[in-house]
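Assemble chain B onto chain A, guided by the hints.
Protein chains: 2
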Amino acid sequence: MGESWATLGVDLHLETGGDAARGGVRKGLTDALREAVRGGRLAPGTRLPSSRSLAVDLGIARNTVADAYADLVAEGWLTARQGSGTRVAERPVAPPVRPAPARRPAGAPTYDLHPGTPDLSSFPRAEWLKAARRALAAAPNAAFGYGDPRGRIELREALAGYLARARGVSADPDRVVITAGFVHGLSILGRVLRARGLRDAAVESYGLDIHWNLLHRAGLRTAPLALDGLGTDVAGLAGGPAKAVLLTPAHQFPIGSPLHPDRRAAVVDWARREGGVILEDDYDGEFRYDRQPVDPTPWELSKSPVRYRKGQVGALQGLDPERVVYMGTASKSLAPGLRLGWIVLPDSLVAEVADAKGPADSCGVFDQLTLAEFIGSGAYDRHVRRMRLRYRHRRDELVAALAERAPRIGVTGLSAGLHVVLRLPPGLDERTVVQAAHWQGLAVQGVGAYRHSDAKVETWGGLVVGYGTPSDSAWAGTLEALLQVLSAVGDIEEPRPV
Amino acid sequence: MGESWATLGVDLHLETGGDAARGGVRKGLTDALREAVRGGRLAPGTRLPSSRSLAVDLGIARNTVADAYADLVAEGWLTARQGSGTRVAERPVAPPVRPAPARRPAGAPTYDLHPGTPDLSSFPRAEWLKAARRALAAAPNAAFGYGDPRGRIELREALAGYLARARGVSADPDRVVITAGFVHGLSILGRVLRARGLRDAAVESYGLDIHWNLLHRAGLRTAPLALDGLGTDVAGLAGGPAKAVLLTPAHQFPIGSPLHPDRRAAVVDWARREGGVILEDDYDGEFRYDRQPVDPTPWELSKSPVRYRKGQVGALQGLDPERVVYMGTASKSLAPGLRLGWIVLPDSLVAEVADAKGPADSCGVFDQLTLAEFIGSGAYDRHVRRMRLRYRHRRDELVAALAERAPRIGVTGLSAGLHVVLRLPPGLDERTVVQAAHWQGLAVQGVGAYRHSDAKVETWGGLVVGYGTPSDSAWAGTLEALLQVLSAVGDIEEPRPV
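Residue numbers (the numbering used here), protein chains in the order written: chain A, 1 to 498; chain B, 1001 to 1498.
Next comes chain A alone, as it looks inside the complex:
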């Protein structure tokens, strides 16, 4: 029976097996460490000494310690992480029995109003297959090889035509790059901008943390711009460290307001003046319902409304194609499962982006060729029109039902897109409502989940309601579930006159 003390990092008393055989020492050390964790002598989160120093302390081979650590990591008692060494796991319950992961997340909601996904039951399967057949028949053999990092020319041509016509984008096929969706494109652009020496990117006060994290991973800091009734306040860019800004000009996500025309002009002026780059996330530009949107922003609901024409919703990129990187996606107009997005680049960025992407970091050629055929045949326009009508109908039903049954709820951001923002009455905490919805099997997200931690905005309680998510057959039930939750919490929270 030998005893030793390890003193680096943590005082650790181990009883190692006396067997001199290596297997015996390793087993003894592993058992002793496991017992120390199980018994609580080594608390969760405790950092263990390095295998080298523990080996010196114990007078045994370093590999023996490393093996013991590895065994315990594999068993779940310890964790190994870059920069923080080996630590006692936070919940070191023995996981030898591993339950088969459920095929769908446990407790999947009965009703789903999470934003960000279109109605998947409406995917045009028959039309898509027709386009796939034509595309496959027409494809040259070379299409099946490693190709242009920008993607297939057929799709780049089809997109250049479509985006010019439908979104006012100044595009030519040479400056279009196909990606596996917006996230893929943003990740490439983050790397390219970092490689150009950028360290800071401005973002909006509201957005998706997955996007901000992508920029962080690329080595860029993000700082949010203020947001008010005119949209994101781009004046905050002037003279600042950020030389790139990520915006959703047509339909701020998730707040819903378009960027005011003055600010569209101002951000382009800033980019020209200071050599900045604007990343335009046009995630749902296809879905605009009202010619002259007049719905108030959440701030305006409680103030005198700002009066301006909000009709300008073409791509910001059209104002200056050399300063704006336009990014679109098929995830909202068709389906996220396609994993297809596109970037329209300034000339000066094309080579760098193509290089960062490379011919092997791409998406399947069949889907590219099929989408090209789908656009070229007019099927894309027809699908978008059909879905636009359907989503607008849902929006109208939602707004009418809310006005009738939950009149204290303000509705904003409703002139476009697949979601609205509900502003909750003062005193009604959004987490309470989200939780109440969860209990009723209704998935809905609080607006706080989209707020940047450094956001410079007055906070308020709200829900982001993705009315595009349910299937047609589920829509009525989902709407009813939402109304019941809102009227229930409204009844509870509303201060009653005595």
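Since the hints were made in silico from the structure, they are not lab data. A quick note: this is a predicted structure, and the numbers were derived from the prediction, not measured. Where a beta carbon is used, it is the ideal one built from N, C-alpha and C, also for glycine. Hints may contain errors.
What the hints assert, rightly or not - Selected chain A positions facing chain B (in silico; Cβ < 7 Å):
{"no.": "1", "residue": "70"}
{"no.": "2", "residue": "74"}
{"no.": "3", "residue": "80"}
{"no.": "4", "residue": "125"}
{"no.": "5", "residue": "129"}
{"no.": "6", "residue": "141"}
{"no.": "7", "residue": "143"}
{"no.": "8", "residue": "144"}
{"no.": "9", "residue": "146"}
{"no.": "10", "residue": "164"}
{"no.": "11", "residue": "335"}
{"no.": "12", "residue": "336"}
{"no.": "13", "residue": "362"}
{"no.": "14", "residue": "363"}
{"no.": "15", "residue": "364"}
{"no.": "16", "residue": "365"}
Using the frame of chain A, we list chain B on its own:
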């Protein structure tokens, strides 16, 4: 200046004049449409919305639209035909001059023997489309959404079965992750290993620099292991800084030899002893032609051959699924354009890899479902068998022709895969041969292009000949071109007896 959207028939972004007077509106609309046609945003032949629907969309009088259309027809920008409505004229005025992009790289070779691409003309289009139709019909709606970061369960199940059967891989669907090809998978693994604290990865003396660069980009240094007649010398791993090693055990790329059974065992022992991870690149495991490969390695050509059984070519992963990460791809068995690959992970890495990948960094769901159907229906096996016969036939023709017409050339690495290595006679510089081939319109690569800059190997001149690359119809001509180049340079360089 106001702006408007027309949505009936075609999505059209117009800037109309802000003057409220009818003449002003008419002029604004006319100017905007003319600009859209002149600038190419409205392509020749595009059908415009009816004057009635555009008027509704723009909130102006129908006659104003009709007048604007009439003006533009009179000017020649539009055409009006009964039954086909108003369209953009076929040849308006010349759009801004933009040089037409070249559709194919300048100087594409007439004959292509670059390795790494299968015969693209043999892609099974009809079978693939059949599988796509069945897959699309069977797909649940949820398949079109953001999904499991590991990929579709249908494909993970199909691959787990196939890999166990065909490659001896110990796989279950929970440990399979679908990627957009090998490069995508390696890039994810590099990031995961770096996040675990690894700083060094061992690689082979020969390989692809794109793979090494991916590891560098993830923050890992690469150092090559020595290579000899038994394959890569894994003894160099012992006690070294690298805790991960990237290997091509079944068919060293590009040298062609399999890893000797003793070394397969030794590298697994190393991984167990030192907590190492083996990354197994099984890029062309489907294509093995000879049960007991006996072809000499390039080193053996000039020495007494090493005698051992080389028959063992199943996946290394089968020896220890918790120490080996198995990586395969559809790029050689089907086509690189699919952008489909797969990783079979140790349990301990699944969560980290899925987390690093994320649900949006993936490949299209249709190709995933189609490949699952393709494998499940037996079409994949049939295709691989058909191609194996075809490639073996080419290999046999190549070897026979070289023996007859370029007898001083040694041929190695011929028992598997889609390429062989030709060892040039001493005194014949491979760059000379590659250049001579280039002049003849034949693309072929020197073996030096695949040598790691720190490779610990005796260097020698050789060519890597990808005989799988040409189409069937191009094969005979390509082989003849190679033979002519080799006999020509052989004649020039061969020392003649005086």
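Hint check results:
1. 70: holds, 4 Å
2. 74: This interface hint holds because 5 Å falls under the 7 Å limit.
3. 80: holds, 6 Å
4. 125: holds, 5 Å
5. 129: Holds - the Cβ of residue 129 of chain A comes within 7 Å of chain B, reaching about 6 Å at its closest.
6. 141: holds, 4 Å
7. 143: holds, 6 Å
8. 144: Since chain B brings a Cβ to about 4 Å from residue 144 of chain A, closer than 7 Å, the hint holds.
9. 146: This hint holds: residue 146 of chain A lies near chain B, its Cβ roughly 5 Å from the closest one there, short of 7 Å.
10. 164: holds, 4 Å
11. 335: holds, 4 Å
12. 336: holds, 5 Å
13. 362: Where the cut-off is 7 Å and the nearest Cβ of chain B is about 6 Å from residue 362 of chain A, the hint holds.
14. 363: Result: holds, 6 Å to nearest chain B Cβ.
15. 364: holds, 4 Å
16. 365: Result: holds, 4 Å to nearest chain B Cβ.
In summary, the structure agrees with every hint in the numbered list given earlier.
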